[in-house]
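Visitor: These protein sequence lines map, in sequence, to chains A and B.
Number 175 marks the last residue of the first sequence (this note's numbering); no jumps.
Number 1258 marks the last residue of the second sequence (this note's numbering); no jumps.
The set of hints was computed from the structure by calculation and includes no laboratory data.
The structure displayed is predicted, hence computed values, not measured ones.
Please note that a few of the clues may not be correct.
To be verified - Taking beta-carbon pairs under 8 Å as the criterion, some of the chain B residues facing chain A (in silico):
hint	residue
1	I390
2	Y405
3	M408
4	Q410
5	G411
6	D412
7	V414
8	L416
9	T537
10	E540
Ideal placement from N, C-alpha and C gives every residue a C-beta, glycine not left out.
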Amino acid sequence: MKKVELAALEELILLTIAVLEDEAYGLSIMQEIERRTGKAGSIGSLHSALIRLEKKGFLDSEEGGSTKERGGRRKRYFRLTQPGVEAIKETKRLREGYYHLISGLN
Amino acid sequence: MKDKVIRIGLRLIGWFCSIDYLEMVQGDLVELYHIRIKNMGFTKATIRFAVDCFVSVFIFFSKGQSQYSINNLDMFRINIIIAYRNIIGNKLTTFISMLGLSLGITACLLIVQYVHFESNYDSYHPNAENIYRVNMNMISKDNISGSAGTYYTLGEQAKKEFPEIINYFTSTFNMGTYGQIRYGKGQYEQISKVNNVYNVDPSILEMFEFDLQQGSFDNALVGTKNAIMNASLAERIFSEESAIGKTIYWGDTPFEVVAVVADQPANSHLKFDLLLPMGEFRQAFPQYKENEWSWYGYYNYYELNENADVAALENKFDEFTAQFLSDRSFKADVFLQEVNTIHLESDLSNEPGKNGNKTTIDLLKIIALLIIVIAYTNYVNLTFTTYLKRMKEIGIRKVMGSSKGMLIRQLLIESVLINIGAAIPAFILTIIIGTYLPNLISSFPEFYLGNHWWFWLTSSLIIVGLGIISGLYPAVLASSQKGISVLKGVFAKSAKGALLHKTMVVLQFLVASVLILFAIIVNKQLNFMLTQDLGVDIEQVLVLKAPQMDQDNNEGPLLAFRNTLEANPNIHKVSYSTSLPSQSTHGRSLQLVTNADESFILGRLIGDENYLTLFEIPLVSGRNFRAPFSADQNGIILNERAVELLGRTPEELINQNVILSGDTVKVIGVMANYYHNSLHQKYEPLVINSAHTMQDITYLSVKILTSDISSLIDEIEQAWQTHFPAQLFDFFFADNAFDQQYNQDRELSRIVNAFSFVAIFIACLGLFAVSLFSMMQRRKEVGIRKILGTPVGHLFWLLAKGTMTLILISGLVAIPISYGISQSWLSDFANRIPVKTIYLIAPIFLTAFLSMLTITYHIVRTMRINPAETLRTE
């Protein structure tokens, strides 16, 4: 497999989707990120990142549940694929390797 | 409202976003919008929503992810590609339509620039629509003469009298000391020429707009001692130094410069170099003050309050002036002229500058419209011909299921593209010509409109609009044909199409013929005025501005200078006068001693005994003045026209007394009529007074006998320096000055020539393309005729006949139209040429000849094709 490289936003998105489990669709992902980081991103960049991640194969999606607020449009729910989970783990390993080497962090 | 916002935003995204994710993007945006409306209110939410929509569009568009995008955008792109291929594929036709349009647009934009400039004189004053100048018509027996100058009383006194006037100022042109100012440490150290000097009231600074550059307006023009200068004069005489506080001498009177203002805009009717206080003028000419109703050389300007009734005020003025002018031989009719209409609408005597001509401006507007009509008719016609060629393509599109609307849209895109393609070179050409034209045509302003974005924006929008309109008709017609008949090529032969075609060719050549005929008339009239015998010889006459003379009225220096000059073998004669042909005279009234009621106004000039002989004006009766200057103190010489107006014969008047503006004088001679001013007017009544006051002399005419003018001028200047040191040497040629009176006519003639050329050129361009297509359609016919043995001449005539008939029709229709236009233009001239039949017929021959040349190329080419080639194809 190709070496995984995730941008900061992409990593956040993957983590959020993992946390949200079955409730991960565009808007809920955005709100969750906003709640945890306190920063408001734009929905457009989120969409473009989601599509990119799906193309890379880290995400999988299916349509479901339309509501009145959406004008009858279906939500698109995202979940992690196996490579997506691997990518998170890989990033975690990479980071922890660094954290161990930094004295005073533990 | 909310739903509408959502609909617009989502449609925008719909155009660009990949269909796979469209629902997700739209759904999330709408849901977020609803949440935000709850949290932050409608306005903020809507703004954020709009921003999000644009961000989404930007992201999805730039990434090009439209895998299965909605059709619109691609269709649009394909239409553009097809339009581009069509344009490239028909290089000749495209080039011709673009060239025609470009020329038309350029001509039109240049006219717009000129007309805009001429129509916006003085509009830069903040309150221009409430500022008026008072003028008066002096109505006497069978003569009305209008004057821009009025009496001093109409300023000061009128302000007190009429509450409508909230502010006023009086000004007057100061001819002063022959246009020279002196400055520098000593009074006579340096000397410089200044043309436009006015004495004005300080309130001009409140009513007119000035751009103060140095100094201040506090107390400026108050009293008698300070002056305002414009920037170019200040720079010319003081260069880098500040002009403020410097002393200048106008005549012998010193003034302190207290303010320097920027040069007035070119569109100002009252242009000055130097402004002096009115108080000084009143002090210097006490004789005017003694009788305020004697001299009408003051320009009075009022600022009226906004709801003043101008007509009523004019009536009050008439009553007001009537009480003071009851003893005059004329009746004064006072009228008010809005300051921003002076340039185009006012044409009175004593105007402070050369004014424009409304008829010319109106003519130019018509010409601009005609040129645009020609250019676009040409374009429509050409579009038709290309569609004829493309009928199969259109037919197949229809058969394949293209709707009418889609076809029209596609054809319109082409049309707009061609228009934009024509507009770009037209804009560039406009900028280039607009920059250089002021050098060729002096009255053409700098291309200032080019600095305004709105000018370009408006022109672009109009061009795109015209592109749609002009493309619409052929597009609708082409797309509404039945698919099957179009495939057979029936459209080409439909009577409707052919008639329209012909009408447009006729229209184009009609406009071209009208313009050509008008150009002929303008040129002939100009030529007539330039070559007509004036009754006076102004060739080889050098005119010097006379020197400034001492107060004591000593004629010695002038005579000495004249003798020095006349001793020169290259100089025939020298004459002193206050005027000469082309220069203005002073208005005086003349009446018989016996008939005190009937007087008329005539032009007065002062001249010496050489005036008549130098200008070769023959005496009809009586004698010339005697030398020296003052010998005939009370003698006058009238011209025949003046004698005629007095109702006498020349012989009856010789040695009789007449009354000239209140003075009794004796008629010693009668001279033949001559044109003192341009041939726009008839012979005017004139009187020559003998030169008895040296201070009045303004010109010194020198008749020269050599062709080596420059060395003679050097000699004259040397003589001048010895006789009048420290005086400015300035000269012009009498025939040039006379010629300059026709500058406006000459410029009109240039403009009309250029535009009639553009018109006929565009028309021929169109004809060239149209005949190409009609010949292509007749190839087979020509082939068959050739096989059957038609003689070449006959065949040629068969092919040319149709077009030539159209040209003939347009020429005939043009005759009454252009006759009318020419007559109305000529009616402004007192001396005019008759509109001869040959002028009316000439445009027909010219257009016929040119169009014959144009179509011959295609006809000959078609005739030379081997019939075997055209006939074997089927």
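Visitor: With reference to the structure, classify each hint as holding or not holding.
Guide: Against the structure, the hints:
1. I390: holds, 7 Å
2. Y405: holds, 6 Å
3. M408: Hint on M408(B): holds, closest Cβ of chain A at ~4 Å, below 8 Å.
4. Q410: At 6 Å from the nearest chain A Cβ, Q410(B) passes the 8 Å test, so the hint holds.
5. G411: At about 3 Å, which falls below the 8 Å cut-off, the nearest Cβ of chain A leaves the hint on G411(B) intact, so it holds.
6. D412: Nearest chain A Cβ about 4 Å off; hint holds.
7. V414: OK, holds: V414(B) within 8 Å of chain A, min 5 Å.
8. L416: Since chain A brings a Cβ to about 6 Å from L416(B), closer than 8 Å, the hint holds.
9. T537: violated, 76 Å
10. E540: Because about 72 Å separates E540(B) from the closest Cβ in chain A, which is outside the 8 Å limit, the hint is violated.
When held up to the earlier numbered hints, the structure conflicts with 9 and 10 and fits the remainder.
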